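J.: Generate coordinates for the entire structure from the input sequences, incorporating the hints supplied.
Protein chains in written order, with my numbering: chain Y, 1 to 315; chain Z, 1 to 278.
Hints were generated in silico from the structure; no laboratory data involved. This structure is a prediction, so every number in the text was calculated from the model and none was measured. Backbone N, C-alpha and C fix where the C-beta goes; we use that ideal spot for every residue, glycine too.
Anything over 12 angstroms on all C-beta distances counts as not near chain Z; from chain Y, calculated:
| id | residue |
| --- | --- |
| 1 | Leu96 |
| 2 | Thr228 |
| 3 | Leu308 |
Cβ pair distances, simulated, as ranges:
| id | chain 1 | residue 1 | chain 2 | residue 2 | range |
| --- | --- | --- | --- | --- | --- |
| 4 | Z | Glu172 | Y | Leu298 | 39 to 45 angstroms |
| 5 | Y | Leu295 | Z | Val176 | 49 to 55 angstroms |
| 6 | Y | Ser63 | Z | Gly86 | 37 to 43 angstroms |
| 7 | Y | Gly165 | Z | Leu21 | 20 to 26 angstroms |
| 8 | Y | Val303 | Z | Asp140 | 37 to 43 angstroms |
| 9 | Z | Phe197 | Y | Val52 | 31 to 37 angstroms |
| 10 | Z | Gly165 | Y | Gly217 | 39 to 45 angstroms |
| 11 | Z | Ala12 | Y | Asp216 | 21 to 27 angstroms |
| 12 | Y | Thr125 | Z | Pro5 | 23 to 29 angstroms |
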Amino acid sequence: MRDEGIVRERIPRGAPVNRPMRYSQAPAAWLLMTPALAGLLLFLLLPFGLAVVLSFSNLRMGSPLPLEFVGLANYTLAFTDTGLTRALLNNLLFALVVVPVQTALGLALALLLNRPLAGRAVFRTLFFLPVVFPLSLVAVVWVLIFAPGPDGLLNAALGLLTFGGWEPRDFLNDPFWALPAVMLTSIWQGVGFQMVVLLAGLQAIPRQLYEAAAVDGASRWRQFLHVTLPGLRNPLIFVVIVTTILSFRVFDQVRIMTRGGPQDASNTVIHEMVRTAFDQGHVAMGAAMSVVFFLVILGIALVQRRLLRQRGEVS
Amino acid sequence: MNRWPRLRAALAYALLLAFTLLFVAPVLFMLVGSLKPDELVLAEAGTLRAFFPDTISLDNYRAVFERVPFGLYLASSLIINGLIVGLGLLVNAFAGYALARLRWWGREAMLALVLAVLVIPFEAIAIPLFYQLSWIGWRDDWLVQAIPFVANPLAIFLFYSFFLGLPRELEEAARVDGAGVLRTFFVIVVPNAKAAFASVAIVLFLFHWGMYLWPLLMTTSEAVRPLPLGIANFHTLPPLQWGDIMAFGVLMVLPVLILFVVFQRWFVRGVASTGIKG
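T.: Structure, rendered in structure tokens:
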């Protein structure tokens with residue numbers, strides 16, 4: 001990331017500036033750009049505009065009513081009459097738990113693997129493995145792990161760890177446990193991503209900094225605080241932001257494991273959007289939820305930009 | 001600095017092994033479950049037999065093919081992902097090259113557009129896109145699951161960054177020899193950009209192989225449904241046979257695992273550089 005600015009300065013943008021152009025590059029450039037541009041316009045910008053337009057309408061699948069402009073009705077109703085508010089809170093809770101836990105775990109794994117250990121590559125592969133698993137498969141496997149009754153894998157493991165003190169429960173049908181179960185599944189699948197990004201960040205910290213700190217008599221803990229953490233600033237911001245955004249995009253696990261239940265306890269914004277627009281055919285309301293969801297993501301992206309820019313001003 | 005080097009190493013290993021157990025247990029559980037008689041998968045889940053079975057058979061794998069059209073799911077997934085990766089490499093590399101190397105009116109605006117749409121997550125447009133394409137009657141086939149994902153702002157940006165860093169002397173030599181833009185691109189640029197093509201291909205494949213929301217919205221016939229939808233439906237198909245479901249899972253992840261083992265370096269690098277994986 002830091003290299004990019006250097007590269008841009010070294011190589012001037014555009015065509016060779018000092019040499020006379022023998023022919024215009026514009027026709028070729030447009031020829032190369034058109035397929036991608038067409039795709040972005042038709043399948044990204046058009047539906048994006050449509051989301052905004054539809055969110056002010058009364059569109060329902062198979063409804064005989066004429067299409068009308070209804071103002072902000074969908075937005076106000078979405079927050080009062082649907083599961084959206086609860087879903088947003090669930091997503092927020094999801095982010096508040098998963099982001100710190102997954103980042104801390106990823107950092108711990110990266111620190112463990114950032115030392116000359118035999119079998120380091122094997123460990124790294126094993127921890128990264130779940131990242132390549134499709135979420136739908138991960139969700140189905142964890143449904144089995146969370147199986148109710150004393151025979152369920154997790155129930156049995158917890159019973160073993162507590163010497164039989166654990167009361168077996170039906171995690172996915174329990175209003176308290178449903179959301180944490182989805183969180184645990186997501187952490188297991190995603191932590192390898194944090195690990196590889198932070199490991200790359202650790203390896204980019206110059207060794208001399210640690211040597212200098214050691215010469216100055218800094219303890220391991222102080223080295224971690226004053227060399228490692230500042231050196232990991234940008235990778236940490238990156239993984240925290242990416243995980244936060246993913247926390248608001250959660251859908252596959254919820255749809256497969258709990259369908260948002262019980263009583264919306266594990267419902268999420270995207271799940272509520274699909275349920276409203278697709279299962280119930282209320283497209284306009286779903287479009288309004290899409291816009292709300294996008295605004296949340298935009299807010300997170302703006303925070304990221306601000307954090308990274310501060311860094312630029314300091315250095 | 002290191003007062004107890006051996007103790008530290010032992011501690012690190014102990015921690016790593018503990019984590020390994022946690023990470024590997026679900027995968028092993030799936031693999032072992034796929035080899036056991038259906039009724040034993042859940043019954044033995046609470047015992048060590050969950051990981052060390054006493055009887056092993058491939059019956060569940062046969063059942064997968066008999067009970068659901070697994071071959072069709074696999075074919076659909078391969079076709080859809082082949083289209084996305086194949087066309088995606090071409091279309092996005094074209095755009096990235098035009099943005100990084102050519103001088104043309106509109107370049108700055110196009111670059112700004114690509115960077116701006118990067119922030120739109122697919123979930124934000126899934127519902128209107130579903131409505132838009134249903135409205136023109138385009139749904140329930142392979143193409144509708146692939147074509148909307150060919151042009152990808154992230155892939156364009158990755159190609160753009162890579163082409164910016166390529167030394168331009170080679171291209172200039174080709175131009176001096178009279179080669180046009182397209183010829184220069186295919187003969188000079190593509191062979192020197194294998195790393196970028198590999199990274200983008202893996203990122204596109206990894207992301208779309210697990211795609212679940214879009215096929216859920218757009219397909220109704222089993223013949224065009226991909227594997228993620230297949231396993232989600234299979235896992236609710238009575239009678240619930242966990243051995244069969246785990247066998248489905250193993251078969252489903254096998255193509256990705258093979259690619260992962262062969263191209264591991266690119267996987268890690270690609271994923272680390274983008275962070276698009278859900």
